[in-house]
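Here the working numbering is used: position 65 in the sequence shown is 65, and no number is missing along the way.
These are computed hints drawn from the structure, not numbers from a lab. Positions of the beta carbon are idealized from the N, C-alpha and C atoms, including for glycine. A few of these clues could be false.
Dumping the calculated BS3-like pairs for lysine-lysine here, alpha-carbon to alpha-carbon at most 27 angstroms [as the list claims (entries may be wrong)]:
1) K235 to K14
2) K151 to K235
3) K258 to K176
Taking CB as the label site, the calculated pair distances span [what the hints assert, rightly or not]:
4) R126 to K235: 20 to 28 angstroms
5) L377 to R126: 37 to 45 angstroms
6) D228 to S337: 29 to 37 angstroms
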Amino acid sequence: MSDQQESGKERSLKNLNFATRLLHFGSEIDRTTGASSVPIYQASTFHHEDIYNPPEYDYSRSGNPTRQALEDYIALLEGGVRGFAYASGMAAISSTFMMLSSGDHMIVTEDVYGGTYRLLTSILNRHGIESTFVDMTDIEQVKNALKPNTKAVYMETPSNPTLKITDIAEVTNWAKEHDLLTILDNTFMTPYYQRPIEMGVDIVLHSATKFLSGHSDVLAGLAVARTDAIGRQLKQLQNGLGTVLGPQDSWLVIRGMKTLEARMKQSEISAGILATWLSERTDITNVFYPGLPGHPGREIHEKQSTGYGALVSFDVGSGERAKKVLNKVQLPLVAVSLGAVESILSYPAMMSHAAMPIEVRAERGITDGLLRFSVGLEHIDDLIADLNQALQEN
Numbered sequence: 001m002s003d004q005q006e007s008g009k010e011r012s013l014k015n016l017n018f019a020t021r022l023l024h025f026g027s028e029i030d031r032t033t034g035a036s037s038v039p040i041y042q043a044s045t046f047h048h049e050d051i052y053n054p055p056e057y058d059y060s061r062s063g064n065p066t067r068q069a070l071e072d073y074i075a076l077l078e079g080g081v082r083g084f085a086y087a088s089g090m091a092a093i094s095s096t097f098m099m100l101s102s103g104d105h106m107i108v109t110e111d112v113y114g115g116t117y118r119l120l121t122s123i124l125n126r127h128g129i130e131s132t133f134v135d136m137t138d139i140e141q142v143k144n145a146l147k148p149n150t151k152a153v154y155m156e157t158p159s160n161p162t163l164k165i166t167d168i169a170e171v172t173n174w175a176k177e178h179d180l181l182t183i184l185d186n187t188f189m190t191p192y193y194q195r196p197i198e199m200g201v202d203i204v205l206h207s208a209t210k211f212l213s214g215h216s217d218v219l220a221g222l223a224v225a226r227t228d229a230i231g232r233q234l235k236q237l238q239n240g241l242g243t244v245l246g247p248q249d250s251w252l253v254i255r256g257m258k259t260l261e262a263r264m265k266q267s268e269i270s271a272g273i274l275a276t277w278l279s280e281r282t283d284i285t286n287v288f289y290p291g292l293p294g295h296p297g298r299e300i301h302e303k304q305s306t307g308y309g310a311l312v313s314f315d316v317g318s319g320e321r322a323k324k325v326l327n328k329v330q331l332p333l334v335a336v337s338l339g340a341v342e343s344i345l346s347y348p349a350m351m352s353h354a355a356m357p358i359e360v361r362a363e364r365g366i367t368d369g370l371l372r373f374s375v376g377l378e379h380i381d382d383l384i385a386d387l388n389q390a391l392q393e394n
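Make a model of the complete structure from these sequences and hints.
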């Protein structure tokens with residue numbers, strides 16, 4: 001296929017509806033054999049037929065056809081120019097942060113994922129990269145955090161686990177005025193509901209372990225670059241650090257992504273019902289879900305996203321009660337993670353945000369009574385009945 005035909009096909013793919021792009025993404029049919037599934041190129045290295053004309057792929061750390069199919073796939077869905085696949089979500093985040101140098105400063109969403117907080121406060125800080133955590137629902141706090149050495153802004157919206165909403169366009173436009181790199185973790189929304197690159201964000205990140213793969217069977221991370229220049233930097237880092245995703249896992253993510261829209265649609269319907277049910281209970285201290293009428297960021301979220309997602313966080317009042325609920329539920333997995341076909345109930349204080357000191361968690365509203373429910377594909381009536389029995393006091 002010529003370069004002209006290739007670019008024409010890319011344009012036609014971008015014009016398709018999202019559900020169609022999930023199935024027709026450019027590599028859905030193997031050009032060599034006609035296979036209906038991307039082949040798994042389980043190879044570490046590739047033969048050079050002509051030493052003067054090296055092949056497209058020479059070593060799998062630098063490039064692998066199965067991984068390339070996934071990387072092109074996520075770039076298409078997010079509307080970026082280039083995608084990258086990593087061994088985990090944290091590998092994607094840490095590799096991206098390596099764009100910064102010693103002495104640089106970054107502004108970060110305050111209730112960021114605990115693994116990101118740990119990376120910034122216990123690893124990157126030892127290498128001279130500074131971070132300031134701010135409430136990004138307030139643009140003035142973001143502006144006030146600017147320093148002469150600030151190089152980047154890192155956003156999570158909705159944030160993890162209190163689902164606070166950052167105005168992506170507002171922060172991004174301000175960041176551009178100061179020539180700052182903008183990075184956004186889009187794990188919760190996925191490109192089905194939210195496409196930050198279309199709002200000017202430079203790099204979009206995913207823990208593809210979650211909603212994108214969707215089946216609790218693979219660890220993976222993805223990044224998408226808005227420009228060729230950023231893409232070249234990310235490629236150099238990915239290759240240099242060796243944080244790549246293997247071909248088998250790349251294939252699993254591709255397979256999972258094909259059903260993304262169907263899964264997200266159903267899980268969101270159930271999440272909305274669950275959030276409403278929880279908000280009507282008198283024994284729940286707080287419910288966090290962007291789709292609830294009283295959510296403080298709902299209007300902004302609706303401006304930049306097409307749905308509310310499948311995560312509901314709620315406070316049962318105390319750590320003691322939270323642990324009782326975790327031990328009594330029978331349907332959801334009680335586990336670290338989210339975004340799977342099965343529901344997952346997590347305890348941020350002891351799981352996703354255990355690396356965050358208790359006083360820091362308290363400042364961010366991550367209380368000992370907070371639970372995070374990732375709603376799967378079970379019937380919502382069964383999920384509510386199960387949670388209802390778990391919430392009953394003995």
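Do the hints match the structure? See the list:
1. K235 to K14: holds (23 angstroms)
2. K151 to K235: holds (20 angstroms)
3. K258 to K176: Violated, because 34 angstroms separates the two Cα atoms, which is more than 27 angstroms.
4. R126 to K235: 20 to 28 angstroms: holds (26 angstroms)
5. L377 to R126: 37 to 45 angstroms: holds (42 angstroms)
6. D228 to S337: 29 to 37 angstroms: holds (34 angstroms)
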